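K.L.:
Here's the letter readout for the chains.
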Amino acid sequence: MSMDAVLFWFLSIVVIGAGLSVVLMSNPIYSALSLVMTMVGVAALFATLNAYFLAGVQLIVYTGAVMVLFVMVLMLFDLKRELQAFSRGKITGFFKIAGVGVLAGLLVGVITFTTQKTSLIAEGSPLAADIAAQAASGADNTKILSENLFLKNILGFELLGVLLLVIAIGVVALSRSKGGTHARD
Amino acid sequence: MLETSMFSEIGLNHYLVLSALLFTIGMAGILLRRNLIVVLMSIELMLNAVNISFVAFSKYNMNSEGQVMVFFVMTIAAAEAAVGLAIIVSIFKRFKEVNIRFFEHLKG
Amino acid sequence: MNIGASSSILSLIIFLPLLFALVISFWPQRQTLRELALGFSLIQLAVSLLLLRDFDSTTAALQFTEQFTWIERFGISYFVGVDGISLMLVILTTVLMPIMILGSWKSISEQVKGFHVALFVLQSAMLGSFLAMDAILFYVFWELSLIPMYFIVGIWGGARRIYATVKFFIYTMAGSLLMLLAIIFMMRLTPEVTGGAISASLLDFYKLEIPFIAGDFFTPQTLLFFAFAVAFAIKVPLFPLHTWLPDAHVEAPTPGSVVLAGVMLKMGTYGFLRWVIPLFPDASSHYAWLFIALGLVGIIYGALVAMIQPDMKKLVAYSSVSHMGYVILGLFVMNVYGMGGSLYQMLNHGISTGGLFLLIGMIYERTHSREISKYGGLAAAMPIFTIFFIIVTMSSIAVPLTNGFVGEFLILMGAYQYSFTASIFAVTGVILGATYMLWMVKNIFFGPAGEIVKASEHDPEHRLHDMSKREIAVMLPIVILIFWMGLFPNTIMDYSKQSINHLLQNKQNYSLEVK
Amino acid sequence: MDHQILIAVLLLSPLLGFLINGFRFRSQSYVIAGTVATLAVTVSFVCSILLFIELLALPAESRRITAHFFEWINLGDLNINAAFVVDQISSIMLLIITGVGALIHLFSIGYMHHDKGVTKYFSYLNFFVFNMLILVLGDSLVTMFVGWEGVGLCSYLLIGFWFSDSAKAAAGMKAFITNRVGDAAFLLGMFILFMTFGTLNFYELNALAPTTMEASWLGAVTLATLMLFIGATGKSAQIPLYVWLPDAMAGPTPVSALIHAATMVTAGVYMIIRLNPMFVAAPNTMMVIAIVGAATAVMAATIGVVQNDIKKVLAYSTVSQLGYMFLAVGVGAFGAGMMHLMTHAFFKALMFLGSGSVIHAMHEEQDIRKMGGLRKYLPVTHFTFILGWLAIIGFPFFSGFFSKDEILWQSFSSPRGHTLLWVAGALGAVLTAFYMTRLMALTFWGKSRVDKNIHPHESPWTMTVPLIILGILSVISGFIGVPHAIAEFMGHIPNYWQQWLAPVIRPLPIEELQSVTHTLSEEYMLMGISVFLAMCSAIFAYVVYTKKKHIAENTAQSLKPIYNLLDNKYYVDEIYFGAIINPLVKQSRNLWYYIDVNVIDRMTHVASDVATNGGKLVKTLQNGNMQQYAMYVSLGLIIVLSYVLMR
Amino acid sequence: MSSMGTTTFEIVINLVKTVLIFLMMVQAVPILVWLERRGSGFIQNRFGPNRVGPLGLVQLLADAVKFLNKEDFVPDKGNRFLFYAAPVFALIPAAVAFMAIPMSTPLTVGDSTFLIQGYEVNIGIVFILGISAMAVYTMLMAGWGSSSKFSLMGAMRAAAQVISYELALGLAIVGVILVYGTFNLTEMIVAQQGPLRFSGFGFDFVAPTAFLPNWGIFFQPLGAILLFCAAFAESNRLPFDLAEGEAELVAGFHTEYGGFKMLMFFIGEYGHMMIAAGLMTTFYFGGYGIPGWTTQEVYAAGLSMFGNETAASVFNTAIHFLSFNIKFAIFLWIFIHVRWTLPRFRYDQLMDIGWKTMLPWALFNTILTATVIFLASQYIIG
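Protein chains in written order, with my numbering: chain E, 1 to 185; chain H, 1 to 108; chain D, 1 to 515; chain P, 1 to 647; chain F, 1 to 382.
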């Protein structure tokens, strides 16, 4: 049992547990905080996958910004405990739960039955050796990521920038108390 | 499949299964929860699950495309959350309601 | 092949309006918007006149071609070129643009910026579809032209504008989908002639020999022919696919009507001339009778129905159906007079009907009514307007020395060459055309003062002002063109003669050279 | 080159006048407008005279002055030039148009001086002259057609000149559309000629005209000439398209004189004479022309007998006289037709102007039953009117006598003539004499029935001078073309007219000419009969309408059905409206309603309804429950994954 | 996780070191509190704590004892879990982030090298930013868990403020990253060694005197100011302590807290202050570097002094640790000084400064830096 394996199992349990509590907690604030936990776990998982930069970004963006918004909104709404946290309807409820169960089973099944190998790269290929070397060094691949991002996918990156601008304007417009989508009240 | 090494040697499949489980948990949240904000959070959960897959693939394929994709997904998730919350806030301000069934009235 | 080596004036012509649209959409000053748009349209006109200057009318070859690979995998390229068939339509488009902008000076008062942007985008799309030599490129421009038109009618239109736009859109879309299918089918055939690669180039399409069996409807050429023909026939519009036109015209704002009648309908007839006849020579010869018959029905039906319309715009719209029937007739008789006349008639119709719509727009601005029965005796109140209206009317009913005569005369001659019977039916249109137009002129301008004129006499607020200087400036180019084209048709027909002769002589194995 | 300039000046001077007056159409100064317009036409007249003199100087066989300005339409084999030709035929027309035109312009100054639209009026008038000149001078059928339609347009504008009267506007429209019917046929005729002979140029056509007669009704030449003739019936108001001309009297009277009597309506005759070789080659067409001409002559005359509007009488008389011209060309007497064209231009213009003078004096009163005894108020008008009257009833040695007599004789004697044609012609002459005398009697003679409030007065000099000049012309113009028989009788006066026209007129085929022979005595006899009958009828009319009014009334009473028939112009208008126009309009409405609205639109709507209802059906799935949507998504995912797993 | 060492010895030493650094941070807090109180006393012309122990140094110990003895109070309607969790979470991010800051040159003992920081992260800055971003939750949890209007509003204010200023902070750091071309803090410090030099546009400039160090402040003056200002807001200190604005909100999100829980909040706050001071030092003032001497020179001096590599390394580490702490202390003092010098902003002013002043300037700084770096590498002047 290597350090990596220990970390993985630990983080898996954290992430799954926190994820479950997101769904199951009847108090939305707890859900949100559980989600923060999940996010942190995911960030750690990223780190185990040598994606340190993404781990950092995950922390900044998700826990530092997105989830703060959620939590703030929830706290502002002051919803406390919900009486009916879950949708009503026995038949549809059954279908939903069964559907989710089946889906989980199917997904896991598909993954385990279709991708037998641990890596998609053929054994013995030069690439595989590279991977092994990289995995061993634990080197950060931030530079590779940045080159990919800013050279190859620059258009997508710029488009995202535009998207964010649009979103920012849209959000401001939506949350203005005057005008906007609803009458003043 | 069930071998002893399954616990000690962590490979791509482990991450994928983890991602799948997280994804289905998120899906369950979307299907079952009534609070719109929680539904939105479940979506974030699903996106995170997918991100795990991406990063795992990225690592095991020695290809940074996956990470770039994660980057994009994060950005879009942030945008989506912002807009979603803005909408929810403006509706809440007007109707004092975040129940997802209430939003059926908006279908027009 | 020397592609793209010459100047890139065609791309300039196509994309300059888009640039203008962009500039207008970011123009901060609301007051100077119209002047700006007018200036831009004049620049565009000047550029297109450069094209006219450099055009070599002694050859039927494609000129000023530009070709760049667009989607390599499917052989789709950005391929534009101009020849005698498209040249004048391009000029028509650019000439009408400043007139339209000047004509909408007063009538469009809301969302001025959006309107001009839409106009310029529309211009770009129309020019693109006239100049595109690649099937997919053509299709893209063809569809693009719908969108600004949709907005022009839908936003600045009349009371039933939504109904009209939807109808317009659905009709045209239905046709163009057929065309897209046909284009894709033909692209799949192209490896035969290109030696393996798929191509969407029109020149490669021309090389195709699509099997044809007379009498069997389900042969490729016949099916393709009808797919294209229906698409274009809707746009023309050919009877019985014409009902969108009156609605669209009635609801459209004045410039919308002008561009619709002036240029958009020509896209259909241009399609016949550029695509249908050269691509499917057997089928078009074999089914020429059908289109001639429909053209004739269109001529007579349009005229008869125009005669009983109570609404000016509707009347002119149906007259468009009638006039475009002439164009179709001229195209399918497949002789030099018919085709030359058709090409000329396209321009005529653009100018005369455009002029009529402008004039109707001017009167509508004053009275907010288009009901013919409410008018009467307008000639006394607005003499200059009357003069212009009558001149344009005379052009529309093809009185000699106006442009209308030349086109109609040639088409009728072509029709006679095809068949005596056809020409007998066709000349009926000459009589009926005069009937409905003069009926309208009489009821609007002559006779005792009608409801509106009377109201204007008593009410100083609703006094009918005669045409302003701006309005005269709008109509003057049209009138000048009417007489110029009536007096010196050769100056315009010379550009297209070679192309028409080339088409007629090599109908069976048509090909275009690239100059 | 100087010919070209001359012709250009000739053409452009009226156009210039039109433009000058057209651009200052708001002006109400009748002096400036009238002077400009009259000067413009006078300049043209001078040019015409100069051209005529030059023509005289040329040898008889090559009397032709051409001016080629630019290529007009040039496509395929079609090559039409803006080219103009002055030759024997067109020079005569030129003189008539510009000469009579100038006089009528002069007359108009006086007649229209009180009208507000006087400048507009003169500009139209000049434009008409311009178009008429193009019609006459054009060297091809298409160029002629330009003028042909152009004069139609001017006629339309001038008939509807007082447009605020709905009936007058409608009359203009009626004129234009009726002409259009003819024009459509004219176009067809052109096409047939072009496709057969490959040209539309008059000289080339005439040179190419077959010398063998075409017997078939469906031969190209016959068909083409028939079509052209239909065009001519429209323009020249023959059966069946004459209906517009009486209505056209709604326009100002000088217009009636210029357009609807002297010039435009004769265009059809002119066209046939222009293309006479072609018509000669189509005997069937000639026959039709002759019959239509004769029928029109008689029918119009019968209607003229009962009309009470002074201008209507003259209008029907014009139709009738035009019938004579067609009768002439129909029997191959092109020279005679042309001659009658000219004389008719003089005396009918005179009479129209005279009637204008009367109407002017009577303050727009046109009903002859409310006139009478105007002789003493309007001496000049009366005197000149008498000259016109004598000319039209064919009083010996007045101009009308020569031309009409020649026509009658030709209709009898020509190989393509027929006794019945002569009978019709003579009957027409008798009727003409009757109704013209009736007009004279009711207007000028007898007792005054003038309203007491109206004080008739003689017109100013601008109006009387043209009357006098035209009066003189009406008297003497006949002598330039004295018929053979009378020339014999008068001492061998040469027939300048025939000599002048001979080079451009193709005689009937020699074998036909040889097949009939007539003697001089026959001619004298027939002349005598027709003149005698006409004089009798004139005297009868004089008696009835000045002395014994009751005879007319009794006759009208006793022949009530016939009187009504005539009074209502044989109900032709009603038949046209009832049989063609109204059903057409009604059926158009049905057409629109049933085809456009109920079939095509309905189909579109059904298609859209199918889509809409289909959408409504699927809409129930989309109930706004987002979780349900998510469930669909996950179900889809399950299905896809199951497939992947099962595979 | 190889940074934790390969041999058992290394792992043990590393773990001990980590704990030490954490303790060091925690123990710095009482000193800082004492310094603050004494300092404010001097600034305001009074004494401050001076009774317990020499110069009142033991005062804090007494306070700690008092805190520990206080009643463990939970508001009636409050959320018990969150109320307890909040102070614990207040401590963690601050500590974790602080430990990523290198405080001296690595210490080499035999074959083993020990970093004088909690652990080394390749993406140091991003990591620190990410972790410190989580501090918001403590405020929110505390504010909401207290179930008190003042607390909630304080928490909201604080959260909004932190999020707002995080942008300017991040963008200011982007300039730093651009200048040094790395995320790694140690590499940044190494890059600031030696005399001031600038190469670009085709010429090299080296400062004539070795005492003009190659510090970031010369390249990023604007960035430094922005970062420092933002750091005030991030750590909720005056003039940006709107969250606790006593006049309005009693004490902000920790109104309901007392005793040891309160103390933990204090530690968290001071922790943030220390992170800010550490970052300022590292980014702009050469980190543990000494102006005039490079680490190699110091190491060589140690070697010549002691003749032993281990001793030299220890000497080197110690000298630089001192250097770092001096700079660190100066910045901490500036924090304290500012707190007692400037008045508090209004909330709208705060937001205006954040969004309308600092963010644009930070953007400008970023763009300017990027442009200059690009041009300097592409174009040659003269």
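It should be emphasised that the hints constitute simulated quantities derived from the structure, not laboratory data.
Check each hint, because a few of them may be wrong.
Said to hold, decoys possible - Lysine-lysine pairs mimicking DSS-like chemistry, simulated, CA-CA at most 30 angstroms apart:
1. P:K619 x D:K374
2. D:K454 x P:K569
3. F:K149 x H:K93
4. F:K66 x H:K96
5. P:K586 x P:K370
6. H:K96 x F:K149
7. P:K619 x P:K586
8. H:K93 x F:K66
9. F:K149 x F:K66
10. P:K548 x D:K374
11. P:K548 x P:K560
12. P:K452 x H:K96
13. F:K17 x H:K96
14. D:K469 x P:K547
Keep in mind the model is a prediction, meaning the values are calculated, not measured.
K.L.:
Enumerate the violated hints, using their earlier numbering and listing them in ascending order.
P.N.:
Violated hints (numbers, rising): 1, 2, 4, 5, 7, 8, 10, 12, 13 and 14; every other hint is consistent with the structure.
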